[in-house]
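Trainee: Use these hints to put chain B with the ligand onto chain A, whose structure you have.
Heads up: the sequence lines are chains A and B, in that order.
Heads up, the first sequence is in our numbering, so the first residue is 1 and it goes up one at a time.
Heads up, the second sequence is in our numbering, so the first residue is 1 and it goes up one at a time.
Simulated from the structure, these hints should not be mistaken for lab results.
Be careful, since some hints might not be right.
Unchecked claim - In the DSS-like style, the derived pairs of lysine-lysine whose C-alpha atoms are separated by at most 27 Å in a straight line are: (1) B:K68 <-> A:K317; (2) A:K304 <-> A:K317; (3) B:K68 <-> A:K168; (4) A:K335 <-> A:K168; (5) A:K14 <-> A:K168; (6) A:K335 <-> A:K288.
Only a predicted model underlies this, so the values are computations on that prediction, with no experimental measurement involved.
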Amino acid sequence: MSVGYVAIQWSRHKRIYDAAAAVGAVLFVGAWVITGKLMWRGEHALSDEVLILRGLGSCAIVLLHVILAIGPLARLDRRFLPVLYNRRHLGVMTFLIGLAHAALAVGYYHGFGVVSPLVSLLTSNTNVASLREFPFEWLGVGALAILFLMAATSHDFWLRNLGARAWKRLHMLVYIAYGLLVGHVALGAVQTDRGGAYVWAVGVGMVVLTALHVAAAWREAPIDAGRASATPNEAWLDVGSIDEIPMDRARLVAAAGGERIAVFRHKDGFSAVTNVCAHQGGPLGEGKVIDGCITCPWHGWQYKPGDGCSPPPFTEKIATYQVRVIGGRVQVDPKANPAGTPVTPATPMGGEGGHA
Amino acid sequence: MSDPIARLLIAALGLYAAVGGVVAAWFLVRGSRRMDAGVRTASVWFKLLIAPGLAALWPWVVARAGSKATQDDSHDA
Ligand code: FES
Numbered sequence: 001m002s003v004g005y006v007a008i009q010w011s012r013h014k015r016i017y018d019a020a021a022a023v024g025a026v027l028f029v030g031a032w033v034i035t036g037k038l039m040w041r042g043e044h045a046l047s048d049e050v051l052i053l054r055g056l057g058s059c060a061i062v063l064l065h066v067i068l069a070i071g072p073l074a075r076l077d078r079r080f081l082p083v084l085y086n087r088r089h090l091g092v093m094t095f096l097i098g099l100a101h102a103a104l105a106v107g108y109y110h111g112f113g114v115v116s117p118l119v120s121l122l123t124s125n126t127n128v129a130s131l132r133e134f135p136f137e138w139l140g141v142g143a144l145a146i147l148f149l150m151a152a153t154s155h156d157f158w159l160r161n162l163g164a165r166a167w168k169r170l171h172m173l174v175y176i177a178y179g180l181l182v183g184h185v186a187l188g189a190v191q192t193d194r195g196g197a198y199v200w201a202v203g204v205g206m207v208v209l210t211a212l213h214v215a216a217a218w219r220e221a222p223i224d225a226g227r228a229s230a231t232p233n234e235a236w237l238d239v240g241s242i243d244e245i246p247m248d249r250a251r252l253v254a255a256a257g258g259e260r261i262a263v264f265r266h267k268d269g270f271s272a273v274t275n276v277c278a279h280q281g282g283p284l285g286e287g288k289v290i291d292g293c294i295t296c297p298w299h300g301w302q303y304k305p306g307d308g309c310s311p312p313p314f315t316e317k318i319a320t321y322q323v324r325v326i327g328g329r330v331q332v333d334p335k336a337n338p339a340g341t342p343v344t345p346a347t348p349m350g351g352e353g354g355h356a
Numbered sequence: 001m002s003d004p005i006a007r008l009l010i011a012a013l014g015l016y017a018a019v020g021g022v023v024a025a026w027f028l029v030r031g032s033r034r035m036d037a038g039v040r041t042a043s044v045w046f047k048l049l050i051a052p053g054l055a056a057l058w059p060w061v062v063a064r065a066g067s068k069a070t071q072d073d074s075h076d077a
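So here's chain A without its partners, still in its complex pose (with noise of 0.2 Å):
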């Protein structure tokens, strides 16, 4: 949490991450060069600048469908939660990969007439007005400057200073990077004539990206359908009776036209806060209690049920919501207290939590 800036947050478990992911991507490389060779011989074969600047383009696209799917994954199955944490990572590698391919594609291709390579490479191609022949290298160079533009403002400092908003909304231009990459490689494939493999294999990636979107929106519908059903001025949301939630872990519900509400247990009371965890948005509720505080599930941010606020020496907070228990049902109240606040765990017993 934000006491002061590391330049990168590694842990054992990121290490190990990011380890496999760059192992990952070198074996991935070189087994395309390798299947290539033996795929592509004699007349037909293809020099090894090509093999890797295709192998190169071939692993950032691969990576970005990771994590594209890593969202809904880990909403689907809360066992791939652990990778969510190192999605940042796997983005920025993913950028570096694709400048790689970029640097070695626009030095073998553009690289060695009179005309200088980036010069050559917007003028060599001015069919813009045909679908099938426009320029399929403009769309890389898109894709590249948003992946660079995510890579560049990945770090928590980036978060801090331009708001959750506006960075979260920054980087949903991954979708638009990914729209651009698949028109690139499907282009490319059909103007270089490389067959349709490309294209099928993009054109699968991108209907089961499609169907993990919709399956996690689909299992999630449920929490919102509550919200959309409930008006604004109503009092108390049920929560379900209080065996449903299982100890140190939250139900969710969501408040009409606001945010998703956490209700925690935790020891002998049921605590609720906003689902939006204050670093990235991450969502709490499927973080559990550890060491008697709220742990975010992305990055391990920490908030005590009781008042929301981030553990000594760290200054986060987040709003707190009061929770009652009448009839064994937990009940919310859909009004957010300001970030902060505190308020007494309800309890089977006690009843409503108030203010502390």
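Mentor: For chain B with the ligand alone, coordinates are given in the frame of chain A:
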């Protein structure tokens, strides 16, 4: 894209990046004192990590530094 337009575009990008480099350097050496005190005590590696973003988003850095300066002045008044 025609050759002159391509050259103009690349020159404009180069200029943008050059200004970004200057603004990033200024921010890391002096400007961050006002805007985010956490930067001052951070390591060189951290500063190198945020430098590309500062250079890319330099209009934001300048705008924010300007608004901070205005706030500080009104507090001083
Ligand atoms: S989103 Fe990073 S710790 Fe919660």
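Trainee: Can you give the numbers of the hints that this structure goes against, from lowest to highest?
Mentor: none
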